[in-house]
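Enquirer: Here are the chains, one letter per residue:
Protein chains: 4
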Amino acid sequence: MKVGIIGASGYTGAELLRLLAGHPEADAAYVTANTFRGTPVTGLYPHLATYAKMAFEEFDLEKALGSAEVFFVALPHGKAMEVVPGLYEGGAKVIDLSADYRLDSAEEYKEWYGAEHTSPDLMREAVYGLPEFFRGEIRGTALAAVPGCYPTAVMLALAPLLAKGIVSAEGLIADAKSGVSGAGRALSLGAHFAQCDESVGPYNVGRHRHTPEMRLYLSRLCGSPVSLVFAPHLIPMSRGILATCYGRIEKAVSTAELVQLYNDFYQESPFVVVLPEGEMPQSKNVRGSNFCHVSPLVDAATNTVIAVSAIDNLVKGASGAALQCMNLMTGCPEDMGLGALPVFP
Amino acid sequence: MKVGIIGASGYTGAELLRLLAGHPEADAAYVTANTFRGTPVTGLYPHLATYAKMAFEEFDLEKALGSAEVFFVALPHGKAMEVVPGLYEGGAKVIDLSADYRLDSAEEYKEWYGAEHTSPDLMREAVYGLPEFFRGEIRGTALAAVPGCYPTAVMLALAPLLAKGIVSAEGLIADAKSGVSGAGRALSLGAHFAQCDESVGPYNVGRHRHTPEMRLYLSRLCGSPVSLVFAPHLIPMSRGILATCYGRIEKAVSTAELVQLYNDFYQESPFVVVLPEGEMPQSKNVRGSNFCHVSPLVDAATNTVIAVSAIDNLVKGASGAALQCMNLMTGCPEDMGLGALPVFP
Amino acid sequence: MKVGIIGASGYTGAELLRLLAGHPEADAAYVTANTFRGTPVTGLYPHLATYAKMAFEEFDLEKALGSAEVFFVALPHGKAMEVVPGLYEGGAKVIDLSADYRLDSAEEYKEWYGAEHTSPDLMREAVYGLPEFFRGEIRGTALAAVPGCYPTAVMLALAPLLAKGIVSAEGLIADAKSGVSGAGRALSLGAHFAQCDESVGPYNVGRHRHTPEMRLYLSRLCGSPVSLVFAPHLIPMSRGILATCYGRIEKAVSTAELVQLYNDFYQESPFVVVLPEGEMPQSKNVRGSNFCHVSPLVDAATNTVIAVSAIDNLVKGASGAALQCMNLMTGCPEDMGLGALPVFP
Amino acid sequence: MKVGIIGASGYTGAELLRLLAGHPEADAAYVTANTFRGTPVTGLYPHLATYAKMAFEEFDLEKALGSAEVFFVALPHGKAMEVVPGLYEGGAKVIDLSADYRLDSAEEYKEWYGAEHTSPDLMREAVYGLPEFFRGEIRGTALAAVPGCYPTAVMLALAPLLAKGIVSAEGLIADAKSGVSGAGRALSLGAHFAQCDESVGPYNVGRHRHTPEMRLYLSRLCGSPVSLVFAPHLIPMSRGILATCYGRIEKAVSTAELVQLYNDFYQESPFVVVLPEGEMPQSKNVRGSNFCHVSPLVDAATNTVIAVSAIDNLVKGASGAALQCMNLMTGCPEDMGLGALPVFP
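Protein chains in written order, with the numbering used here: chain A, -16 to 328; chain B, -16 to 328; chain C, -16 to 328; chain D, -16 to 328.
Do not take every clue at face value.
Heads up, the list lumps identical chains together, so a pair's fine if it works in one copy or across two of them.
As the list claims (entries may be wrong) - In the DSBU-like style, the derived pairs of lysine-lysine whose C-alpha atoms are separated by at most 35 Å in a straight line are:
id, residue 1, residue 2
1, K46, K147
2, K234, K93
3, K36, K93
4, K36, K147
5, K36, K234
6, K62, K93
7, K36, K62
8, K93, K46
9, K62, K147
10, K234, K147
11, K46, K(-15)
12, K46, K234
13, K234, K(-15)
These are calculated hints, taken from the structure and not from any lab test.
Chain A on its own, in the form it takes in the complex:
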C-alpha cells in the first residue's frame, strides 16, 4: 500500500515516517513539504536514517494521486482544507491530522479558528478518528479527522464515566499537562528552551482550540451537553500528555468498581491499558508508543472522581492515531505496525 504524507516536515510528519518504517503493509511513497522541497528527509531529521534517499517534494495534486492511495495530511489548520477536498474527490483515502474536519459546524469552526471553512460539506462527511469510540464508522469512511492530542487524552479518561452516568455532565474539569513538542517545530518564545525548561505554567485556559471538540464528542457520548473547563499546561519534557480530569459523582461507586467499568469499556481497544487499582499513569510509561494508560480514582471525602490518562502526544495523540485510522480504513488489523512498546526510561 502506497501512502503519501502532505506537510511532512513537521514533528507529526516525521513521526508518521518513523511509524511507517515499521508497518509491514504501508510505504511512504510521496512526501511533501513546500518550504523544504528538495531537502532530503535526513537533512531535517537525521534520525530517519532509512529515508536517506528520499527528499521532500512540493505538493502537486495530480502527482499525489498518481503516487499513493492513502494520504496523511499533516498541515496546519486552514491549510489542510486546501488539499483535503482534492485528494478525497480524487478517490483517495484521507486521514487529516489538522483541526479542519473535527467539528461539525462551519460556524463553530469560525468561532474558534477565526476563518471561514471552505469545505463545510466535507466536515459533515468526515468521521472523527478516535477508534475507541468510532471504530465502526472509521472502517467505513474515506475521510478521517484525527483528534487533537488533548481531546484524545481527556476523552479516553472521561468517556466511561459519562457514558455510564457516573459523574455529572456539569462542572467537569480537565487539567492537562503537555510536553513541549505539542507546540510543533515552529519556533516560538513559549517553546524556547531557556524559557520553558525548569518551568511549568498554564496557557490558553478556557480558550484553547481543542475545547470544542471535547465538548462535542463527550456530549454525544453522554447524550446531553457537557460543561467542561479545559486548562492546558506546558511541562518541561519533549513528549507526553497527562490529563487529570475531575467529575462530581452522581452514583455512589468505588474505585474498584470503576476500574472494572473501565476495563469493560475498553475491552476491544488494544491500546488502552487500564491500570490496576491504586496505580496512576505516568507519561513516561507510554513514551514513544501508541498506548494510553488510564486510571480512575474515587475521592469519597469530596464525592469526586479523578480520572487520569497518559498518552504520547505525537503517537496516540497524532501520528499513531492516524495510522490506527489507516489500518481500520484499509482493512488491516487495527494494531498493525503500532505494537512497539514504550521507550522507558
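Fit chains B, C and D to the given chain A structure using the hints.
Expert: This is chains B, C and D only, laid out in the frame that chain A set:
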C-alpha cells in the same frame, strides 16, 4: 542575632544557610545534622562556599540554647516534636518547618501522620506561619509552624476568593504541580532521575498529608468548612510549584474585578505579586526567590474561577517563609534578606 | 527460540524485554530477579504492558536450562560470573551484559573491579560482543561479552582512525557525556533528580572501569598499545551517550577523506551511520534505537581529529548490542528486531 | 551611582537588572531596547517584579549621557561598536559585554566576526575584563571588554597550569559543555526545546568565535603561542558551563601540588573556589552566582592534567563579570553586590 538550624543537612537546611548568608542581622551560629556530624557544610553542599569552615554538629539542647536565640527546626515530622518543646521552653524563638505544629488537633495529626503527638499543648500555642494571613499573630509568637509548600501555593491562590465569598466552599479543586526537590534529599525511586525525568504523573491524590492544613486554614478564612480535592503531581524540574485551583462562582464577577480584589487583598504582602489581567504565573518566574505570583481568571462559559499561583517550594514554600517568620518574630522588616529577585532563565 | 533473562529487573533487563517483544524469532520465556521474585513484570515496569502475565522468578539453573536455549545475563559484575559458567556448560548460548568476561586477564579484572575472577578460563573463551569489529568471532561463539556503553561509543568513533594509522596511538582523549540511566535503577545521590537535573559534571576521571576494555581492544585494532584519557560526564537526560574523541594527526588528511574512510570502514555495519561532512551527532537522534551516529572532523589549525559518536546507552550501549550478538550467534540476520528508528524529538 | 544598560532586553540585560537590584551603590537609571521601546521591563521579564514601573527606551546618546555615568552595553557584536565610542568619548565608563573590544586586532576581528571594525583604536585601549588576570588594568580603565562565557571558564581552568609551565602550550584541548541560555533569547532551531531537550551534541567545533580570545590571553599568560582545540557542546539545562580541559604534563607534578598551586594562584580572587583534592566541579553548584569552581587532576597513566571549571554562563560568564568590572572601575569592593550564594538544587 545568632540563629541555629536543627537538621541542617536536608535541602531546606541548605536553603536556610543560603538565605541567612544574605541576611544583614542574622548569622547561622549552630547547625546540626546527627548523621553528618563532623562533616563540613561544604562536604555536603559545595555551593555553600562561605560556610567552608563550619561543620555539622550533633544536636545538644544545652549547647543549642547557649549558642543561639532563634532556631529553625528542619527535621522530618515526628522528629521535630522531639526537640521543639525543649528549645521553646528554654526561652528560644522557634520556627518549625515540619508538619508537627501546623494542625490544631492531635487526633487529626494522628490520622494523617500515623503517630501520637507528644506535645499537643504546643500545637495549640503555635501560630501557622503564613504571614499573608497571620502577620499579627506571628509577630507575637515564639513558635511558628511554617506551612507546607503546597498549602502555601494553594491558599495564596484561593484565599481572596473564599474570604470574599466569590466561589463556593464546596467543590474546590487544587491541581498542583511540583518540582522534585519537594521530595527532599532522601533517595527514593520516585525521585530517581531516570524515573521522573521527562515524565509527569500524579501521586497521593486525595490522601496527601498537606490536605488537612489547607482545609483547616481555608475554612477559617471563609468561616465555613471547605471541601477541597487536592491532587499533587511531580514535574521534571528541580524547584517550583504551580497550583491551578478551580472554584464554582457564587457571585457574578469579571477577571478584571478579581485582579483588583487580589491586589487589594495582598496590598500589605511584599512577596505576593498579582499579575496583570491575562498573564499567567510560570514557576520559573519565581525560581530561587521568596515571591509568589498569582493570577485569577474567570471562565464565564462554565461559571468557574481558575486561580493560579507559583512559588519556589524551597523558598516561599519552606526556608524563605521561615525567614519571613523570623523577621516578624524578631522585629526585623518582614522582607529583610529576602528581596533577591528570581533567577530566570 | 526461547530466551532467558537473568537479572531482568534492572534497566537493561527491561530494555531486553522491550526489544524482544519486537523480535520475530525470539521470545522471553524465563525472566529472573531474585529480589523481585513473584512480582509481575508490569509491577516494576508498567510500560511493558504486553508482559502483564509474566512475573520475575528466582534464578534456578536447572529450570533455566529447561526453559530456554539462549540467555542474557543482566546482573552486576561479580554476580554474572556466578551464573554464566553453569549456563555455558549446560550447553546454552550466553550473552553477558556485565563486565565479567570483557577483559582477557584475571589480574587486570582484579585491578579494576577489586575482586578475584572465579572463571578466568571463560574470560579467554568469551568473545567481545562488538559486532562492528568481531562479527565473525561472535557468529562462532557460545559466550559473548557485551561491551560497556562508553567503550562502544568511544571505539566506534576512534576505530577507523587507529586502524588506518591516521592518528597517533598516544595522547588520545575521550570526553564522554552520558545520560543518567547509565547509572542503572539502583538509587544513589548522583542519580537523585534534584542533584543531577540542570547540572553537568565529570566523575571517575582517569579511573572509570570502562577504561581497560577500551585500551585493550583499541590496542588490538591498531597493533600497538594506545594511551587514552577517559573522562566521563553525567548529563541531565535519561538516555544517550555522546563521545567526543581527540587524536593527534599523523598523516595529513581532510575531513572529506575521513568521512569516506569511515563509510568504507562501516560498510557492512547496518547500525553505524556516518554523517555527511559538516554534520555532528546529537544523542537525541539515536534515542531508543540501536543506531550509532558518527562523524570525524579535521581541525587543521591544531593538527587534531575530533571524532564524535552518539548511541543510546541502553540499546546500542547494552541491550540492543546484546540482541545483535544473539542474532549473530543464532544465525538470524544481524538486524532482526533491531531496525526500529529512533524516537525523536 | 547611576548606571545605564544599552540593549537590556536580552538575557544578559535581564541578568544585569537582577544583579543591580542587589547592589547597594548602583541603580539602573536608563535601560534601552529599541525593539521593545515602551514595553515595561516586567512585560518581557515578569520575574523582575521590582522594575514594574520601568520601561525599555530607545537608545539616545545624549539622553544616555545625561542619565548615567556607567554603562553596560549588552548588544550583539557589531552593534556594540555603534554605541561604545560615543559613550566612551562622552566621558562615561563603559563595560561592553559583546565581542567587539575583546581582541586586539581589527584583522583578526574581521576574520572571526566577518565585519570591519569601526573603532580599531578603541580595541587597543580596552582592557579585557577578566579580573582574575587583569585586576589592576581594569581598575584604571574606562572601557572594559567582558570576556565570553566559554573563555572565562576555559582560562580560569588552564591559567595556573600555563603560567607555571606545568603543561605544554601545544595540544591543549578544551571540551566545554554549556546550558542553552548561552544562545540568548533569540529564537533558533538549536535552542528549540523539543530539539535540544534530552540531547547533547557538539557545535562549531574548531570554529567557535570564542576561540581567538582564549588563544590570545592564554598565550599572553604563558609567554608563547598556545595551540588549543575548542569544542563546545550544548547541554539540556538552562544555565551553566563546565569546561573540561586537557594538557600534556611537562613537569612531574601531583594532584595535591596542583591544588596548592591553584589555591595560591587564585588567593586574591574572591569568586574562584578551588575544590579539595578529589572533588570535581558540577555546574549546578555555581548556578545563579558569580562563583567559579575549579579543580585540577593528574592522570599519571597518560601524563595528562585534566583541569575542570564550572561557572554560570549568565553571571560569571557575562553579567556578574560585568558588575565585577564595574566595581573595580568605580572603586567599589570587587565583590560588592555579587556575594549571593548559588541556588542549589
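Enquirer: For each hint, tell me whether it holds in the structure or not.
Expert: Cross-check of the supplied hints:
no. : hint            : result
1   : K46 <-> K147    : neither (48 Å within a copy, 48 Å between copies)
2   : K234 <-> K93    : between (38 Å within a copy, 31 Å between copies)
3   : K36 <-> K93     : neither (41 Å within a copy, 39 Å between copies)
4   : K36 <-> K147    : between (52 Å within a copy, 29 Å between copies)
5   : K36 <-> K234    : between (59 Å within a copy, 33 Å between copies)
6   : K62 <-> K93     : within (14 Å within a copy, 45 Å between copies)
7   : K36 <-> K62     : within (27 Å within a copy, 43 Å between copies)
8   : K93 <-> K46     : within (31 Å within a copy, 49 Å between copies)
9   : K62 <-> K147    : neither (38 Å within a copy, 48 Å between copies)
10  : K234 <-> K147   : both (10 Å within a copy, 32 Å between copies)
11  : K46 <-> K(-15)  : within (13 Å within a copy, 48 Å between copies)
12  : K46 <-> K234    : neither (57 Å within a copy, 51 Å between copies)
13  : K234 <-> K(-15) : neither (50 Å within a copy, 49 Å between copies)
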